[in-house]
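Protein chains in written order, with this note's numbering: chain D, 1 to 305; chain L, 306 to 780.
Source of the hints: derived by calculation from the structure; they are not laboratory data. There may be inaccurate statements among the hints.
These stretches of chain D come out as covered by chain L in the derived footprint (C-beta under 8 angstroms, 3 or more residues) [claimed, not checked]:
1) 63-75
2) 100-112
Away from chain D, derived, C-beta distances all over 10 angstroms, residues of chain L [claimed, not checked]:
3) Gln365
4) Glu385
5) Leu402
6) Phe426
7) Gln452
8) Met477
9) Leu481
10) Thr498
11) Asn509
12) Met515
13) Lys527
14) Ile618
15) Thr652
16) Leu708
17) Glu733
Note that the Cβ used here is the ideal one computed from N, Cα and C, for glycine as well.
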Amino acid sequence: MANTVLELKNVSKTFGKRKVIDDISLEVKEGEIYGFLGPNGSGKTTTIKMILKLIESDSGEIKVNGYDTKKQFEKAMECIGAIVENPDMYKYMSAIDNLKLHARIRNIGEDRIQEVIELVGLKERAKDKVGKYSLGMKQRLGLALTLLHKPKVLILDEPTNGLDPAGIKQLRDILKNISHKSGVAVFVSSHILSEMQLMCDRVAVIDNGKIVKVEDITHSEEDIIEKIELRVNDTQKAINILKEKFGIKPKLEENNVEITIKTEEIPKVVKELVIADIAIKAVIPKEHTLEEIFFDATEGGKKDE
Amino acid sequence: MSKIWKLFIDENIKTWKKLSTKILLIVILISLVGILGLVKIIQKTNNSYEINSSGYDWRQETESQIGYIEESLENPQIDEESKNMMEQELQTLKLSLKYDINPYENIWKNEIIRKIVDLQFEENIKEAEIADLTKKLEDNDFNGYIQMQKQELKQELDDKLISQVEYDDKIMILELKEKYEVGKTADTPFWKTAAITNIENAQNSNRTNMDENNKVLTAEKKQENEDSIKMNIYRLEHNMPQIEYSENYRTIFEYLSSTFVISAIAITAIVIAGGMISTEVSTGTIKFWALTPNKRWKILTAKILSLLFYIIIITVIASLISVILANVFFAETGEPYIYVENGEVQTIGNTLYTVLTYLAKMIPVIIFALFALMLSVITRNTAVSVSFSVAIYMGNSIFMAILNRFITKDWIRFVPFNNLNISEKIFENATNLMAINAGSFATSTSLGFSLGVLGVCAILMLVTMYDSFNKRDII
Numbered sequence: 001m002a003n004t005v006l007e008l009k010n011v012s013k014t015f016g017k018r019k020v021i022d023d024i025s026l027e028v029k030e031g032e033i034y035g036f037l038g039p040n041g042s043g044k045t046t047t048i049k050m051i052l053k054l055i056e057s058d059s060g061e062i063k064v065n066g067y068d069t070k071k072q073f074e075k076a077m078e079c080i081g082a083i084v085e086n087p088d089m090y091k092y093m094s095a096i097d098n099l100k101l102h103a104r105i106r107n108i109g110e111d112r113i114q115e116v117i118e119l120v121g122l123k124e125r126a127k128d129k130v131g132k133y134s135l136g137m138k139q140r141l142g143l144a145l146t147l148l149h150k151p152k153v154l155i156l157d158e159p160t161n162g163l164d165p166a167g168i169k170q171l172r173d174i175l176k177n178i179s180h181k182s183g184v185a186v187f188v189s190s191h192i193l194s195e196m197q198l199m200c201d202r203v204a205v206i207d208n209g210k211i212v213k214v215e216d217i218t219h220s221e222e223d224i225i226e227k228i229e230l231r232v233n234d235t236q237k238a239i240n241i242l243k244e245k246f247g248i249k250p251k252l253e254e255n256n257v258e259i260t261i262k263t264e265e266i267p268k269v270v271k272e273l274v275i276a277d278i279a280i281k282a283v284i285p286k287e288h289t290l291e292e293i294f295f296d297a298t299e300g301g302k303k304d305e
Numbered sequence: 306m307s308k309i310w311k312l313f314i315d316e317n318i319k320t321w322k323k324l325s326t327k328i329l330l331i332v333i334l335i336s337l338v339g340i341l342g343l344v345k346i347i348q349k350t351n352n353s354y355e356i357n358s359s360g361y362d363w364r365q366e367t368e369s370q371i372g373y374i375e376e377s378l379e380n381p382q383i384d385e386e387s388k389n390m391m392e393q394e395l396q397t398l399k400l401s402l403k404y405d406i407n408p409y410e411n412i413w414k415n416e417i418i419r420k421i422v423d424l425q426f427e428e429n430i431k432e433a434e435i436a437d438l439t440k441k442l443e444d445n446d447f448n449g450y451i452q453m454q455k456q457e458l459k460q461e462l463d464d465k466l467i468s469q470v471e472y473d474d475k476i477m478i479l480e481l482k483e484k485y486e487v488g489k490t491a492d493t494p495f496w497k498t499a500a501i502t503n504i505e506n507a508q509n510s511n512r513t514n515m516d517e518n519n520k521v522l523t524a525e526k527k528q529e530n531e532d533s534i535k536m537n538i539y540r541l542e543h544n545m546p547q548i549e550y551s552e553n554y555r556t557i558f559e560y561l562s563s564t565f566v567i568s569a570i571a572i573t574a575i576v577i578a579g580g581m582i583s584t585e586v587s588t589g590t591i592k593f594w595a596l597t598p599n600k601r602w603k604i605l606t607a608k609i610l611s612l613l614f615y616i617i618i619i620t621v622i623a624s625l626i627s628v629i630l631a632n633v634f635f636a637e638t639g640e641p642y643i644y645v646e647n648g649e650v651q652t653i654g655n656t657l658y659t660v661l662t663y664l665a666k667m668i669p670v671i672i673f674a675l676f677a678l679m680l681s682v683i684t685r686n687t688a689v690s691v692s693f694s695v696a697i698y699m700g701n702s703i704f705m706a707i708l709n710r711f712i713t714k715d716w717i718r719f720v721p722f723n724n725l726n727i728s729e730k731i732f733e734n735a736t737n738l739m740a741i742n743a744g745s746f747a748t749s750t751s752l753g754f755s756l757g758v759l760g761v762c763a764i765l766m767l768v769t770m771y772d773s774f775n776k777r778d779i780i
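All chains, full assembly: derive it from the sequences and hints.
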């Protein structure tokens, strides 16, 4: 069993009269990518800032690699690499110079700087001033800064902001690599659901300062459950067939049939419908299941229903 | 400790990579060169003026004066007493012309002539004495003149007209005049005469136990007089002119440049300090540091240290540039600082002295910078921190000048702004071209007191900023 490297126990925080974080507890294990999902203003960033002691928690206990962040702050911080909100660097300095500032504090050599620059793919632009970087490049440099000292826990607040699809994929690959191969625990917050599903091993959903759900996510192609919209000429007939053959409960929405089913089952569904002489106009993948988790769990979901 | 050191190094790298830092250095350099040019222009204009005025001829002036007196004497209406005085004057001028001595110059020969004339107009004319004096004139016998005065003093002592102490003092003055030829020729530099006068004044003051305002001397003032005598003798001995008494363009340059450079550094320091935390909070880069394994107080300490280091380095560089420019472009050598310690006269060379003065003048600047930093930590607003601090820095002297006039209570000396003149208190013997500031309540406090007041201020500000920086959330 992998060790728990990040642990929150009954953490609460009040701003004025508003309870922003209400009794949160969670555990992140070695080699795990842990998603922290919630709508804007749900308390994701506040939680992350409390872990990093940018904000003092009112009550509860936060441990990083076994060190209490209140009592052994410096030891705890040695195990953490983090980006909060935006990657913050000095714009008038080059990427290398920014990295060197951190490297000096953490006693890290020149080799490692080159290594992380290569890892995030900034080698060619490393000597340019950060002010000239695109947001995506800044994100990658931010990641390089956090990886510099080989942290045990990597905390990323909305890391895909400003990245293009290729950049997102690259980030995903880097994170999966360091997490699954080097055993780093990655704690990622986001409100982009599809990203989380592709990236995370486990997702906690937070709403209004409370963790409402923790879900394991499986990655193998076959296991992924998708929501599909079927546009057919005879909806009632199609619903009956689907109920009969696959034992699922299709929903009828705006004259279309909506089903939730494993990816590998989709061809079979199509085949059955065709055999039954139903004309299929379109098979449209809908929102991922994570959104369902999300909307099931949060208020946003309740309103929609 | 090593962590603070590393943060400190990082902070410095950050500061020096900034463009604004380099710009400041260039601005200081250009300004110094500009001030140098200005002083050189003043020097040139004044020199050409002196050449024009040297056409003045004292002989012509004397002759016309003689003519005028002779004319006046023919007037039958003048009384006997005036006539006598005029005749004496006439005789003096004639003797001056005869021995080719400018009667308007302060040299010993004029004194001899006056004596001769006095003797000539006495009832029993002492021919022998007149002959003796005339011989001294003809032989250009300055030492003889001094000896004569010594003998006169001895006579006065024997006749109990003067005390032994007064006799010793006056003999000392005569010996100094003899040794350093003060008043021997018209070329005697004014500072030498001034030094002799200063010594005489200090001696008189200590002998009579009264100061210039007829107040009884304090022990402190007495010591000051003694030190002043020692320093003036030292100046004569080592041929070190006191700048106050000589027209010295180098000093003018030094004053102008130090005034400018110190204000420039002060305002820059305030701008840097005022943005040190607030700018980093607003750009988010404060997290760059807060996410390193360093407690907040270490981060703030490194920032404060780097601020001090920056101020000191810029100051030293600027003062050295100023010294180098002065050495290269002015013929005069730099004035060293002279002071008395344990009864011994000590000197500090000009270069070191300049650097030290600049640094001493930075002590109040550091206080203002800390104030700006404190505002920066508390308000997290660069504009407020900087503008408020600069306003106080610029306005405090006028504000306090007015306040000091109307508040005569003792507590006014505890006001920090009354204790900013640290440099004047450290280098109390320094030539002060800007002595206008002197004489206020503020100058009456001691160096230790002023440092104490500023120290308490600094500690209060530090406690406030550490407390705020440690406790407040970084949002």
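Against the structure, the hints:
Under the rule that three or more residues need a Cβ within less than 8 angstroms of chain L, the assignment of the segment 63-75 of chain D holds, with 3 such residues. Under a criterion of three residues with beta carbons nearer than 8 angstroms to beta carbons of chain L, the stated coverage of the segment 100-112 of chain D is upheld, 6 such residues being counted. No Cβ of chain D approaches the Cβ of Gln365(L) within 10 angstroms, the least distance being about 72 angstroms, so the stated non-interface status holds. No Cβ of chain D comes within 10 angstroms of the Cβ of Glu385(L); the nearest lies about 92 angstroms off, and the non-interface call holds.
Residue placement check: Leu402(L) keeps its beta carbon more than 10 angstroms from all beta carbons of chain D (closest about 78 angstroms). The beta carbon of Phe426(L) sits about 87 angstroms from the closest Cβ of chain D, which is more than 10 angstroms, so the claim that it is off the interface holds. Every C-beta of chain D lies more than 10 angstroms from that of Gln452(L), the closest at about 77 angstroms, which supports listing it as non-interface. Listed as outside the interface, Met477(L) is consistent with that label: its C-beta sits roughly 65 angstroms from the nearest C-beta of chain D, beyond the 10 angstroms cut-off.
For Leu481(L), the condition that its CB be more than 10 angstroms from all CB atoms of chain D holds, with the nearest at approximately 63 angstroms. At roughly 60 angstroms from the closest C-beta of chain D, the C-beta of Thr498(L) stays outside 10 angstroms, upholding its exclusion from the interface. No Cβ of chain D comes within 10 angstroms of the Cβ of Asn509(L); the nearest lies about 65 angstroms off, and the non-interface call holds. No Cβ of chain D approaches the Cβ of Met515(L) within 10 angstroms, the least distance being about 65 angstroms, so the stated non-interface status holds.
Annotated as non-interface, Lys527(L) keeps its C-beta farther than 10 angstroms from every C-beta of chain D; the closest such distance is 58 angstroms. Distance check for Ile618(L) against chain D: the nearest CB is about 20 angstroms away, which clears 10 angstroms, and the non-interface claim stands. With a least beta-carbon separation of about 44 angstroms from chain D, Thr652(L) lies farther than 10 angstroms from that chain, consistent with its non-interface assignment. In this structure Leu708(L) is separated from chain D by more than 10 angstroms, as the shortest Cβ-Cβ distance comes to about 42 angstroms.
No beta-carbon of chain D is positioned within 10 angstroms of the beta-carbon of Glu733(L); the least distance is around 44 angstroms.
Of the numbered hints given earlier, the model fails none.
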